[in-house]
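**Student:** Just so you know, the sequences run in chain order V and W.
Add 431 to the 1-based position in the first sequence for the numbering used here, that's all there is to it.
Add 130 to the 1-based position in the second sequence for the numbering used here, that's all there is to it.
Hints are computed from structural coordinates only; laboratory data are not their basis.
Check the hints yourself; a few may be wrong.
To be verified - Partner residues aside, some chain W positions facing chain V, computed with beta carbon under 7 Å:
(1) C160
(2) M221
(3) A225
(4) V228
(5) Q231
(6) G320
Stated by the list, open to error - Chain W regions said to be covered by chain V (calculated; three or more residues, Cβ under 8 Å):
(7) 144-158
(8) 199-210
(9) 255-265
(10) 321-333
Each residue gets a CB set at the ideal place from its N, CA and C atoms; glycine is no exception.
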Amino acid sequence: MDFEKLFQLVIAASLINNFVFTRFLGLCIFFGVSKKMETAVGMSITFTAVMVISAALSWVVFKYIMLPLDITFLKIIVFIGIIAAFVQSADTIMKKVSPALYYKLGIYLALITTNCIILAVPLINSGEGYSFLESMSFGLGSGLGFALALVIMASIREKLELADIPAPFRGLPISFIVAGLLALAFTGFSGLITL
Amino acid sequence: MAHTDKSNWELIKNGMFSENTIFRMAISLCPSIAVTNSLKNGFSMGIAVIFVQTMVNLTVSLIRNFINPKIRIPIFMLVIAGYVSIIDMSMAAWARPVYKQIGLYIQLIVAFASIFARAEVFAVKNRVVPSIADGLGMGIGFFLAMIVISFFRELLGKGSLWGMPIVSGNPLLIMILPAGGFFAVGILMGFFNWMDARIAARKTAAETT
Chain V
432 MDFEKLFQLV IAASLINNFV FTRFLGLCIF FGVSKKMETA VGMSITFTAV MVISAALSWV
492 VFKYIMLPLD ITFLKIIVFI GIIAAFVQSA DTIMKKVSPA LYYKLGIYLA LITTNCIILA
552 VPLINSGEGY SFLESMSFGL GSGLGFALAL VIMASIREKL ELADIPAPFR GLPISFIVAG
612 LLALAFTGFS GLITL
Chain W
131 MAHTDKSNWE LIKNGMFSEN TIFRMAISLC PSIAVTNSLK NGFSMGIAVI FVQTMVNLTV
191 SLIRNFINPK IRIPIFMLVI AGYVSIIDMS MAAWARPVYK QIGLYIQLIV AFASIFARAE
251 VFAVKNRVVP SIADGLGMGI GFFLAMIVIS FFRELLGKGS LWGMPIVSGN PLLIMILPAG
311 GFFAVGILMG FFNWMDARIA ARKTAAETT
């Protein structure tokens, strides 16, 4: 397996095609949990883990069940089913095996099921025809990219709490404008690698 | 079961303005930035959402007495995914050029918080006609938000509307870049907050005099 290609995929998915700033996915969670650094970090860890595993699971199902049976048109329904089932079972297993971890990260797990990035990764993987390892690296890169965006945003928003912002812009509107500035910064990464 | 006592028209208006998905509830934000770089894309996305939201509300309301509350979430998911697949395949067949640009986001309607929330909060507790009205209202509210955002972004970013040139000269390229989407939504949201504050202030002024 070509290690260089995998590394490029991770970099491309996390920096150049950052899900939040260039593909605009997962914005609900992005604006929802970026108020505090602590929640942002917890969310990022959970998110990246779920992303890699669900990318791997759905690749297996897509390749060995859906392609032979010629039911690829059902992929939306099947992928959301896989993710919901996986998140639900991870939730249950975590509760039994490691209650401490569960109380820290459990609430984020529940939020993740209805997140568009988690669903977008398998959809893009199947659309691009990535191999197993490529799918997982794409999932990892996307997760890291999301984590990076979330942590940057949370640290800015903690500072924004103290700033004197015009009343109508307080809360979400100013966060959007900050995100816009960050997105501008991220466009600087385009052209870093050409795949 | 908490039946609503609002009239259908009130329900539609509620979804369009006071509980507008994008500007008021601030959920389902992804497409509001991703597909609003031209009026045509925003319009198509809005239509798709109106269809899915209304049909999901209709279906959930029809089967509400047969759903076991414990497994309602997977059932809602299946209903939503079914309708999204329908609109996804229809658009792939009939609207090829638009679909190429926004196809991924159409598929991701599945993960829309707003559609799921309306099924959970409204349709599962109410009769069929109010549910349809609620779905329509929510869908139209989303549609209007998409139109407003994409109108400004296409006009400022490309100097055109629906692909037709309107303004000559150098457009503000930034508005159709990713960053412009965030700016547009942020500024519009601030504007609506400001209008709200103005209207509220006028109301209290009228009451005191």
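**Student:** Hint by hint, say whether it matches the structure.
**Tutor:** Now for the hints, and whether the structure bears them out:
no.: 1; hint: C160; verdict: 5 Å, holds
no.: 2; hint: M221; verdict: 13 Å, violated
no.: 3; hint: A225; verdict: 17 Å, violated
no.: 4; hint: V228; verdict: 17 Å, violated
no.: 5; hint: Q231; verdict: 13 Å, violated
no.: 6; hint: G320; verdict: 4 Å, holds
no.: 7; hint: 144-158; verdict: holds (count 3)
no.: 8; hint: 199-210; verdict: holds (count 4)
no.: 9; hint: 255-265; verdict: violated (count 0)
no.: 10; hint: 321-333; verdict: holds (count 4)
In summary, the structure is inconsistent with hints 2, 3, 4, 5, 9 from the numbered list given earlier, while agreeing with the others.
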